[in-house]
Amino acid sequence: MAKTGVKTVKVPLAGNDAAAHAMKQVNPDVVAAYPITPQTELMQAFAQFVADGEVDTELITTESEHSAMSACVGAAAAGARTMTATSANGFALMWEVLYIAASLRLPITMAVVNRALSGPINIHCDHSDSMGARDAGWMQMYAENPQEAYDLWLIAIKAAENHDVLLPAMVMYDGFIISHTMEVVEILPDEAVKEYVGPYKPAYAMLLDEKPFTVGPLDFHDYYFEHKRQEIEGTEHAPAALAEAAAEYAKISGRHYGPLESYRADDADVVMVALGSTAGTARYVVDVLREQGKAAGLMKLRTFRPFPNAEVAGALGNAKCVVVCDRVASFGAFGSPTFMEVRSALYEVPERPLVINYVYGLGGRDTGPDLLEQAFAEGFRVAETGEIKQHVGYLGVR
Amino acid sequence: MEKKKGWKEIPLGGLITEAGNAAEYETGSWRTFKPVLDQEACNNCLICWIFCPDTSIVVEDEEMVGFDYVHCKGCGICAAECPKKAIEMVLEQEE
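Going down the list, the protein sequences come from chains A and B. Numbering of the first sequence is given in the numbering used here, commencing with residue 24 and proceeding in unit increments. Numbering of the second sequence is given in the numbering used here, commencing with residue 8 and proceeding in unit increments.
By construction, these hints were calculated from the structure, which means they are not laboratory data. Just so you know, even glycine gets a beta-carbon here, dropped at the ideal spot from N, CA and C. Mixed in with the good hints, there may be bad ones.
Below, a sample of chain A positions facing chain B; criterion: calculated Cβ distance under 8 Å [said to hold, decoys possible]: (1) 126; (2) 219; (3) 224; (4) 226; (5) 231; (6) 235; (7) 237; (8) 239; (9) 242; (10) 244; (11) 245; (12) 250; (13) 415; (14) 417.
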């Protein structure tokens, strides 16, 4: 039982099973999906729930991810609560429809099981898939473990469907590292989840509304810009909606989820920024360094879109050096996406810290404590000398 | 000129909330070739009416009487399908 008095159960689940469990409890109207490693087991588990009659969901097994996301758009426009999941190249194949889902203001939610984009072809974890779509208009949250994969998906649904927001949301968790690793996950009772997400109230529904209307017509120089401005407004309401959804979730689960989470960072000279499973490794390294008397800290970034600019500046503003870890390369850019965002967030901080970037773990390259210690060591050198030798480094590459 | 609405005044997500609004969109200006009917050759089979993708064939009392040039885009499907070769596509400027 959770501290909140809600009768929960603790079960060992891999990330994919935890996410499938969230889907089962939400019992969405429509799921349209196509299998791809490492997402496959998630949809396989959900398909089993459908086959066993445990959910009422219309499961559409499409011929590609482009079709999967297109079917999601159609279903959501019809008035259905809609969910899907994918990884890597499948995600890339959804690309144009991601933007359409967001611009039509359809609160579809999706699990993205992070996997490196081809090429060379690879099935293991990095964030090149979801990071590439950071401007698609979707909310983006990164989970650290199976528990967060379960929790954040439920929170994402509530925030996405908030009528001040009405934007799709994706929840990321690291391929294999989280998706295939079993951990104890605390599962809420079905009724609690059902009550939490509530009945679906679409902003518009082609199959339910009495008055006919047109979805997705041509929109030229006369109104396209105004529709994009509306979409931006939805994004600007997202932080409050996420906070509200998270606060309500905390009441039933006892788990609190902000856009970021600081660990021993308040008095730290060097703070590492990490997303996803690497945050867990970084937390361990912070403890090791603290035992050695080094003022190290961690800021785990959970919400990447909308980017929590003010919170990041507040959390990192007192550090001497910030070490940003990115599991993605942004070719031709000055550093990778998290680095660019964090560095920009710190621009107006009175005594802004020096910021360095480490690209790590591409294609699933294992990133253990030793590598993060290396990154911290460079952070402490920068903090002490005030001199950056190299803004962007590469951890663990030969 | 009609004053265009701002982003706070328009329906969500680009929806068009009034039905039957396509008629308001005057697509006749897209035309390069315009269909011209030879009334003598026409036997009012109305195959042009069946095929026209823009409902721009004007029919009165089951007879083909001409084209809705406000909406006809000049695609030429009517001329291609006409079994009596009663529709000719004429370059707009030369008409």
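Taking the hints in turn, this is what the structure says about them:
1. Hint on residue 126 of chain A holds. Least Cβ distance to chain B is approximately 6 Å, under the 8 Å limit.
2. Interface restraint check for residue 219 of chain A: the shortest CB-CB distance to chain B comes to about 25 Å, outside 8 Å, so the restraint is violated.
3. The restraint placing residue 224 of chain A at the interface with chain B is violated, with a minimum CB-CB distance near 14 Å, outside the 8 Å limit.
4. Residue-level restraint check for residue 226 of chain A holds (minimum Cβ-Cβ distance to chain B is 6 Å; threshold 8 Å).
5. With its C-beta approaching chain B no nearer than about 14 Å, residue 231 of chain A sits outside the 8 Å limit, and its interface hint is violated.
6. The interface hint given for residue 235 of chain A is met, as the beta carbon of that residue sits about 4 Å from the closest beta carbon of chain B, less than 8 Å.
7. At its closest, the beta carbon of residue 237 of chain A sits 4 Å from a beta carbon of chain B; the interface hint therefore holds under the 8 Å criterion.
8. Contact between residue 239 of chain A and chain B, as hinted, is supported at the beta carbon level, the nearest pair being about 7 Å apart and thus within 8 Å.
9. For the restraint placing residue 242 of chain A at the interface with chain B, the shortest Cβ-Cβ distance is roughly 5 Å, inside the 8 Å limit, so the hint holds.
10. With a cut of 8 Å, the hint placing residue 244 of chain A at the interface with chain B is violated, because the nearest CB-to-CB distance is about 11 Å.
11. The interface hint given for residue 245 of chain A is met, as the beta carbon of that residue sits about 6 Å from the closest beta carbon of chain B, less than 8 Å.
12. Using the Cβ-Cβ criterion of 8 Å, the hint placing residue 250 of chain A at the interface with chain B is satisfied: the shortest such distance is roughly 5 Å.
13. Here the hint on residue 415 of chain A is broken, as its CB sits about 38 Å from the closest CB of chain B, past 8 Å.
14. The criterion of a C-beta within 8 Å of any C-beta in chain B is not met by residue 417 of chain A, whose closest approach is roughly 42 Å, and the hint is violated.
Violated hints for the displayed structure, listed by number in ascending order: 2, 3, 5, 10, 13 and 14.
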